[in-house]
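K.L.:
Chain by chain, the residues:
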Amino acid sequence: MTTAAKTGTELNLIAHLLRRTGFGATWDELQECAALGYDGTIDRLFNPGEPEHMPSDIIRRYHPDQSITQIAPSSGSVWMYRMTTTKTPFEEKIALFWHRIFATGQTKLIQGKVMLTQIEMFRQFGLGSFRDLLVQLSQNPAMILWLDNQDNHKDNINENYGREILELFAMGVGNYSEEDIKECSRAFTGWTIANMPYMSIRMRNNTLRPYGYVAWQYRFDPDDHDEGEKTFLGETGNFNGDDIIDIICKNEATPRFIARHLYHHFIADELPVPQWPFEGPKDPEAIQLMVDAYFANDYNIGAMLRAVFESDMFKSEATQYARVKAPVELVVGTLRLAGGFDWPTQDIFKATAACSYMGQALLAPVSVEGWMGGEDWISTGSMVQRINFASDAMGDLTKKGIKAIIDRVSERHPVGEVAPMALVDDCLELLGALQVEPDTRKGLFTYARAQGEINPRTNEGARKIASVLQLIVSTREYQLI
Amino acid sequence: MTTGTRRSLKYLETNGFGAAQGGRGYHFPVDIAVRSDDRIYVLSRSGQGSLNGTGISVTDIEHGWHGEFSSYGTGDGQIQWATAIAFGPNDRLYLADEKLQRITIFDTDNKYVSHWGSAGSGAGEFDGPSGLAFDDDGNLLIVDHKNHRIQRYTPDGDFIDSFGRNGAGDGEFDYPWGITIAPDGTTYVADWRNDRIQRFTKRGDFIDAYGASGDGEDQFNRPSAVAVDGDGYIYVADWMNQRVQVFDKDWNFQTSARGQADLGPWAAEYIDANADEKRARESFNPYPKLDVDDPHEVSARTEPYFWVPVSLALYKDDRLLVLETARHRFQIYETV
Chain A
1 MTTAAKTGTE LNLIAHLLRR TGFGATWDEL QECAALGYDG TIDRLFNPGE PEHMPSDIIR
61 RYHPDQSITQ IAPSSGSVWM YRMTTTKTPF EEKIALFWHR IFATGQTKLI QGKVMLTQIE
121 MFRQFGLGSF RDLLVQLSQN PAMILWLDNQ DNHKDNINEN YGREILELFA MGVGNYSEED
181 IKECSRAFTG WTIANMPYMS IRMRNNTLRP YGYVAWQYRF DPDDHDEGEK TFLGETGNFN
241 GDDIIDIICK NEATPRFIAR HLYHHFIADE LPVPQWPFEG PKDPEAIQLM VDAYFANDYN
301 IGAMLRAVFE SDMFKSEATQ YARVKAPVEL VVGTLRLAGG FDWPTQDIFK ATAACSYMGQ
361 ALLAPVSVEG WMGGEDWIST GSMVQRINFA SDAMGDLTKK GIKAIIDRVS ERHPVGEVAP
421 MALVDDCLEL LGALQVEPDT RKGLFTYARA QGEINPRTNE GARKIASVLQ LIVSTREYQL
481 I
Chain B
1 MTTGTRRSLK YLETNGFGAA QGGRGYHFPV DIAVRSDDRI YVLSRSGQGS LNGTGISVTD
61 IEHGWHGEFS SYGTGDGQIQ WATAIAFGPN DRLYLADEKL QRITIFDTDN KYVSHWGSAG
121 SGAGEFDGPS GLAFDDDGNL LIVDHKNHRI QRYTPDGDFI DSFGRNGAGD GEFDYPWGIT
181 IAPDGTTYVA DWRNDRIQRF TKRGDFIDAY GASGDGEDQF NRPSAVAVDG DGYIYVADWM
241 NQRVQVFDKD WNFQTSARGQ ADLGPWAAEY IDANADEKRA RESFNPYPKL DVDDPHEVSA
301 RTEPYFWVPV SLALYKDDRL LVLETARHRF QIYETV
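As you go down the protein sequences, you meet chains A and B in turn. At position 36 of the first sequence (counting the first as 1) the number is 36 in my numbering, and the numbers step up by one without a gap. At position 34 of the second sequence (counting the first as 1) the number is 34 in my numbering, and the numbers step up by one without a gap.
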């Protein structure tokens with residue numbers, strides 16, 4: 001690929017890192033990280049400081065429904081505000097990652113409140129010990145009701161959660177037996193929620209009546225827990241759920257499974273999960289790198305990712321632009337470039353809805369397996385949605401991010417007009433050091449040249465620059481990450 | 001005013017019902033007002049995805065239902081982002097809308113009369129009208145919250161004057177919200193993001209400010225509304241602390257209430273009519289053991305507690321109505 005003018009190799013690498021660990025970067029954000037260097041930027045990712053996102057009080061005052069978020073557009077929009085305004089986007093990217101793997105959906109759970117509590121748990125535990133995360137997940141009310149563990153009783157087990165923690169969440173098919181599923185399920189009996197009968201039936205009836213939803217609270221019911229001896233993955237004892245998690249976490253199949261998910265989310269598109277038992281990983285060395293980091297760091301997910309970000313594999317040209325942007329990545333990244341939401345507005349619902357139209361409804365994954373991702377994101381319809389959304393945002397000259405880009409072009413060319421190729425390179429750079437194929441760059445140049453004179457200090461010039469930005473976000477490369 | 005014994009709040013009952021599609025009940029209500037004939041008006045802002053609940057409902061202290069009016073939209077008498085209601089001279093109802101930047105008037109039959117207002121920061125313009133109160137001259141005080149000021153108008157919408165500006169000093173505001181005029185004529189403003197209540201003379205001269213950020217007895221977390229009774233006791237909707245605090249006129253702490261709602265008649269009727277929910281509710285413990293301490297989260301999991309107590313109204317000066325946005329109801333307390 002051709003490197004946009006005035007961008008050094010390290011800056012391009014930092015841009016790559018920020019696309020993968022966040023939603024891309026504005027020029028100012030890139031410059032800030034450039035001062036830290038690539039390694040310093042990694043350090044900051046893992047020691048990020050305060051997120052400084054739009055405060056809850058402000059959101060709740062203007063969107064009273066977002067105090068309770070019982071309605072899908074409201075709950076998704078709470079997260080959309082967070083993603084578009086946070087200064088620590090890596091937290092959100094991790095939350096998205098676990099939301100995709102530990103997929104629960106408002107379609108069944110009805111309550112947005114408990115969904116967002118789960119997302120907050122992903123932020124808090126998502127980069128720490130996988131053991132701690134699995135314990136939190138197993139005690140998470142949204143997950144308990146999503147997989148019916150409230151119906152998992154000592155005298156009558158329900159295997160839903162016991163099966164999925166092994167199959168979908170931690171180990172993958174082929175690494176346990178049907179008997180392990182039963183024993184696992186027995187260990188999680190009694191892991192339920194407070195007021196289970198009433199909460200369960202209100203969820204089934206999908207009703208806010210009489211006084212709105214009551215958010216769920218985890219409760220361990222010792223009277224409904226199977227205290228008998230269990231044999232799980234070759235070990236025998238009176239296991240409770242957390243003992244089962246200990247056994248899961250020390251099994252090598254676990255980090256291999258999680259590493260492959262991490263690879264898919266942070267490195268390159270992998271095969272769909274159902275094919276994993278039959279097809280090996282794309283890059284076994286990358287998987288081994290993460291497995292080693294997992295065992296060397298007490299099952300720490302952050303350590304697995306840090307090993308990736310520091311590796312030559314991650315920095316290689318082959319890894320850059322190797323993934324298709326998920327709809328949320330595209331929408332949030334575009335809004336952060338254009339200047340998103342400084343203050344609550346009904347436009348937030350449009351952004352949240354746009355993700356849905358592109359195939360990724362926040363808090364409503366398509367199945368228990370989450371979203372497949374990769375080329376599944378792309379269809380004729382979704383491409384139109386993606387390009388229209390990004391293009392509309394770039395063409396809005398009232399957005400402060402767009403104004404900032406135009407001002408920056410003006411600063412770089414303080415006198416007279418901007419030459420077409422210089423303009424294209426400036427715009428590519430100011431959109432987060434975007435790199436494009438030579439043919440794409442040539443096409444952009446042809447378009448810019450056809451606009452005639454472009455003086456960034458005039459309204460007409462600003463409109464022309466915005467149109468170049470619109471064309472850039474319509475390119476194939478902008479769809480990649 | 002009384003001295004010696006502290007003012008307390010004695011829970012009486014609850015009025016409300018979640019009515020996402022309109023009908024008997026409320027949907028994300030944001031303000032409450034009592035008319036001179038004791039009819040109680042509740043303003044529902046509703047939420048995206050279910051805007052049919054937008055409107056003004058009419059009830060009474062005996063849980064009578066007297067219908068609803070207005071709806072979501074931009075036409076005459078409609079609402080987008082409603083914030084406040086207040087009764088003016090001749091019992092006309094005034095409605096503030098912070099998105100449409102206007103004040104709408106309804107007559108005593110709840111019919112649209114007129115509206116005025118436009119966006120801006122000049123005299124007579126609004127950037128988010130969010131609190132309404134009438135002074136004893138019959139003039140309307142409007143909290144123009146994003147302009148950080150209070151404007152005064154005649155009942156017909158003619159601008160008179162304004163006071164306040166953005167800041168944290170005396171007489172300055174940071175996104176103020178609710179406003180009330182005490183029986184003695186003092187103006188109280190919930191200075192929302194400064195976490196305090198400010199008092200002003202009828203002319204708008206600063207008297208004092210009380211409160212600081214926090215969850216202690218002399219602290220607030222985004223107070224949204226104030227009510228003052230005939231004895232001078234002050235009731236504050238401590239919005240993010242999910243409680244109501246009570247003070248005497250010298251700001252001596254009296255009591256704090258966290259809420260204790262039970263099923264009001266509308267709610268009980270619903271439960272009775274749904275056998276499966278009724279059966280399941282028999283084992284319902286409204287105060288489960290929790291693993292959180294943030295007041296918002298605690299309220300989310302505890303049905304009787306206030307959840308987003310946004311507005312207050314006094315009924316016959318001896319009952320306090322506490323309106324809760326997130327639970328679509330108001331709790332009724334006797335002030336004793």
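No lab work stands behind these hints, which were simulated from the structure alone. Even glycine gets a Cβ: it sits at the ideal position worked out from N, Cα and C. Please note: incorrect hints may appear among the correct ones.
[What the hints assert, rightly or not] Quick partial rundown of chain B residues pointing at chain A, CB under 10 angstroms, derived from the structure:
| # | residue |
| --- | --- |
| 1 | K146 |
| 2 | I160 |
| 3 | R193 |
| 4 | G216 |
| 5 | D218 |
| 6 | R281 |
| 7 | D291 |
| 8 | L314 |
| 9 | K316 |
| 10 | R327 |
| 11 | H328 |
| 12 | R329 |
[Said to hold, decoys possible] BS3-like, lysine-lysine: derived pairs with alpha carbons at most 25 angstroms apart:
| # | chain 1 | residue 1 | chain 2 | residue 2 |
| --- | --- | --- | --- | --- |
| 13 | B | K202 | A | K399 |
| 14 | B | K278 | A | K108 |
| 15 | B | K146 | B | K111 |
K.L.:
Now look at each hint and say whether the structure bears it out.
P.N.:
Now for the hints, and whether the structure bears them out:
The interface hint given for K146 (chain B) is met, as the beta carbon of that residue sits about 9 angstroms from the closest beta carbon of chain A, less than 10 angstroms. Because the closest C-beta pair between I160 (chain B) and chain A is about 27 angstroms apart, greater than 10 angstroms, the hint is violated. Checking R193 (chain B) against chain A by beta carbon gives a least distance of about 8 angstroms; that is within 10 angstroms, so the hint holds. Evaluation of the G216 (chain B) hint against chain A yields a violated restraint, the C-beta minimum of about 18 angstroms exceeding 10 angstroms.
At about 20 angstroms, the closest approach between the beta carbon of D218 (chain B) and any beta carbon in chain A exceeds 10 angstroms, and the interface hint on this residue is violated. Because the beta carbon of R281 (chain B) sits about 5 angstroms from the nearest beta carbon in chain A, less than 10 angstroms, this interface hint is met. The criterion of a C-beta within 10 angstroms of any C-beta in chain A is met by D291 (chain B), whose closest approach is roughly 7 angstroms, and the hint holds. With a cut of 10 angstroms, the hint placing L314 (chain B) at the interface with chain A is violated, because the nearest CB-to-CB distance is about 23 angstroms.
Checking K316 (chain B) against chain A: minimum C-beta separation of about 25 angstroms lies over 10 angstroms; hint violated. A cut of 10 angstroms between beta carbons decides the hint on R327 (chain B): the least distance to chain A is about 5 angstroms, and the hint holds. Using the Cβ-Cβ criterion of 10 angstroms, the hint placing H328 (chain B) at the interface with chain A is satisfied: the shortest such distance is roughly 6 angstroms. A distance limit of 10 angstroms between C-beta atoms decides the matter here; for R329 (chain B) the minimum to chain A is near 6 angstroms, and the interface restraint holds.
For the suggested pair K202 (chain B) and K399 (chain A), the alpha carbons sit about 42 angstroms apart, so the restraint of at most 25 angstroms is broken. Distance check on the hinted pair: K278 (chain B) and K108 (chain A) sit about 22 angstroms apart at the alpha-carbon level, within 25 angstroms; holds. Simply put, K146 (chain B) and K111 (chain B) have alpha-carbon atoms about 29 angstroms apart, too far for the 25 angstroms limit, and the pair is violated.
Hint violations for this structure: numbers 2, 4, 5, 8, 9, 13, 15, all remaining hints satisfied.
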